[in-house]
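For this one, chain A is given, so just place chain B on it according to the hints.
Those protein sequence lines, which keep their order, are chains A and B.
So in this note's numbering, the last one in the first sequence is 371, and the numbering has no gaps at all.
So in this note's numbering, the last one in the second sequence is 228, and the numbering has no gaps at all.
FYI, nobody ran anything at the bench for these hints, they're computed from the structure.
Take the hints with a grain of salt, since some may be wrong.
[Stated by the list, open to error] Stretch by stretch, here's where chain A covers chain B in the computed footprint (C-beta under 8 Å, at least three residues): (1) 64–72; (2) 110–116.
[To be verified] Derived contacts from chain A toward chain B, CB cut-off under 8 Å, selection only: (3) Asp47; (4) Arg109; (5) Leu117; (6) Phe123; (7) Ala145; (8) Leu151; (9) His155; (10) Arg158; (11) Ala162; (12) Leu231; (13) Asn233; (14) Glu234; (15) Met235; (16) Phe238; (17) Phe359.
[To be verified] In silico negatives: residues of chain A with every beta carbon more than 12 Å from chain B: (18) Ala14; (19) Arg25; (20) Ala39; (21) Arg60; (22) Leu71; (23) Ala76; (24) Pro82; (25) Thr282; (26) Thr286; (27) Ala287; (28) Asp290; (29) Phe341; (30) Glu342; (31) Asp345; (32) Leu367.
For glycine and all other residues, C-beta sits at the position ideal for the given N, C-alpha and C.
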Amino acid sequence: MDALSRHTSPRISACECVTAFGDTRATLNGLLDGARALAPTAVLGRDGGDMVPIGLAPGRSYEETSRPNWLPYLRALIARLPSGDWGTGRRPIVVTSSNFGVGALHAFRRSGDRSFLALGTPFACVAWLAGELGWGQNVTIFSHACVSAHLGLLHGSRLLAAGLADSVLVFSFDFLSPFVVGGFHALKILNADLPAPYQDRATGSVALGDGAAFAVLTRDRGEFEIPAQRLHNEMFHFTSNRVDGAGFTACLASMAEATSGRKLWVKGHGTGTLEAGRLESTLLATAYPDAPLVGWKGGIGHTLGSCGLVELAIALEGMRRGRVPGTVGSAPPAFGPTVAFEPFDAAPFDSVLCTSNAFGGAHAALLVAHA
Amino acid sequence: MLEAYIHSLYTEDPGRETPAETRERLKDLFPRNASRRMTQLGQLVGAVLGRIGPGENEPIVYATAYGETRALESYLESFPAPSPTLFQTSIHPSGVQQALIARQQPIRELFPMTGSDCLTARALEVALLTGASKTLFCGGEERGTWMLDNGAASERTFAFALVLSADPTGAAGHLALTAGEAAFSRSHEPPTATAATRGLSPFFDLLHMRQAFSGLIAPERTLTLAWL
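Isolated chain A, as found in the complex (with noise of 0.2 Å):
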């Protein structure tokens, strides 16, 4: 028996997003729509660059101000929090993201202006955050680039699993800056074309997007249970997976118990990346060949540190509703022989795979079924 296995399934009493599109509700309705949440911006903001197509909460903008413009679109999310004594004893919050406030150290650079300075750390942003929305101390902080939700999800499931707490919130945010959108610019990653995962075509192309989102984990309460984690970590380069997929492979084998006997579909990673698409699709094709992929950075962008938890919410929403959202901006030919375009019916589905990937060839894997 393995590390992971030996817990019992936690599950999930509640869960939701925040996206370029809105809320949850607002994101799958998007999503089934076939609708994209992109628009072209200056990589840097005011001070111009190449424009890219990104992802930006409704309403938000894109410069940065002293007093962080996402708040507000965190506390329109945590509104929708059971409330409780958060960060207390038996509460505790595990926070994900990629950026925190980083993007206020470019501001700071920018505009010498020091009450940038206030964010400009991790622990320094969460443990502010903390304060703004109620918070108690009792916060742990993973930051794995593009996985970081999937840790936090794993790491509160243990919590769960030994006692240590009675339930959970897993908390992950990440709004755009041209400190990061700079960076993936710089790296060759964004271009000025809209992104179509899994599509067989001559140029790939990524979006970013903001995005926040919670899920409150419990030992016995809500209508999902997460049977199965997994993580991998290649090891074989900051920027690009072995061409052979072996970090794929080994992520997906860990979860083949755990998965066998199900109807599942799969949410994938999806980016845009072509050789990247390729080796997801169609390694998830071979290890599940009657499941239908899906990716949805089509639509929202990839909201970096936390796609997996605000993918999962807007997987829960269309399990719940009935229906699944297709890759969106996506068209035939795929990379693999799964991609669905459309949306199709979730009735016939037990379970959901949701993947995600990071840099460092970081590979997630996380199995959610009806409790």
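Just chain B now, kept in the frame of chain A:
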């Protein structure tokens, strides 16, 4: 109570050694091409982890409050033409990834963490809950320059790595983390732990000096550290 035995402890305390001096001192530990691009923290974490020799199925918990400060400073200085290499190097958890990519060492579970006063307690909790027979706990900081002047970087450079296991055979020490039941304060200030016992740097000192300790390291979290 969560507890484990400490095996294979290594520390790096380079004082005010510059990144170039660290690179020269540790250059034989890494492939030449990799060493040239590694940060000071990446080299130090790589040095202590390399002495342990992590295995694929041994989870790694990596703790750092500030991460790759020098790379972050240089990345910010590179605007309005942001550097792709510095962006990638500045991303948390680049330090431990530099070390493991240089070794081409896959790791099943990697938990990169950040935090401040409570970071040691939270990271130990994560490490003690992996359920694996061996878990590696490592961490460190590198001294900043202009970000330090602005209170956004570590004053000190250091790194550590240790193995936590339920097996007492040949252990160098033992640690236990006790969780209290009392309510947490909402003040975001640990009410009883003192500055000398909080955060990653004081924990590093305990390890480096092999000092025993028993006391609060976060609200409702007591660390007991003994050397065998």
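Going through the hints against the structure:
{"no.": "1", "hint": "64–72", "in the structure": "holds (count 3)"}
{"no.": "2", "hint": "110–116", "in the structure": "holds (count 7)"}
{"no.": "3", "hint": "Asp47", "in the structure": "6 Å, holds"}
{"no.": "4", "hint": "Arg109", "in the structure": "5 Å, holds"}
{"no.": "5", "hint": "Leu117", "in the structure": "6 Å, holds"}
{"no.": "6", "hint": "Phe123", "in the structure": "4 Å, holds"}
{"no.": "7", "hint": "Ala145", "in the structure": "6 Å, holds"}
{"no.": "8", "hint": "Leu151", "in the structure": "6 Å, holds"}
{"no.": "9", "hint": "His155", "in the structure": "6 Å, holds"}
{"no.": "10", "hint": "Arg158", "in the structure": "4 Å, holds"}
{"no.": "11", "hint": "Ala162", "in the structure": "6 Å, holds"}
{"no.": "12", "hint": "Leu231", "in the structure": "5 Å, holds"}
{"no.": "13", "hint": "Asn233", "in the structure": "5 Å, holds"}
{"no.": "14", "hint": "Glu234", "in the structure": "5 Å, holds"}
{"no.": "15", "hint": "Met235", "in the structure": "4 Å, holds"}
{"no.": "16", "hint": "Phe238", "in the structure": "5 Å, holds"}
{"no.": "17", "hint": "Phe359", "in the structure": "6 Å, holds"}
{"no.": "18", "hint": "Ala14", "in the structure": "21 Å, holds"}
{"no.": "19", "hint": "Arg25", "in the structure": "32 Å, holds"}
{"no.": "20", "hint": "Ala39", "in the structure": "21 Å, holds"}
{"no.": "21", "hint": "Arg60", "in the structure": "21 Å, holds"}
{"no.": "22", "hint": "Leu71", "in the structure": "17 Å, holds"}
{"no.": "23", "hint": "Ala76", "in the structure": "22 Å, holds"}
{"no.": "24", "hint": "Pro82", "in the structure": "18 Å, holds"}
{"no.": "25", "hint": "Thr282", "in the structure": "21 Å, holds"}
{"no.": "26", "hint": "Thr286", "in the structure": "20 Å, holds"}
{"no.": "27", "hint": "Ala287", "in the structure": "18 Å, holds"}
{"no.": "28", "hint": "Asp290", "in the structure": "27 Å, holds"}
{"no.": "29", "hint": "Phe341", "in the structure": "32 Å, holds"}
{"no.": "30", "hint": "Glu342", "in the structure": "35 Å, holds"}
{"no.": "31", "hint": "Asp345", "in the structure": "35 Å, holds"}
{"no.": "32", "hint": "Leu367", "in the structure": "17 Å, holds"}
Against the hints set out earlier in the document, no violation occurs for any number.
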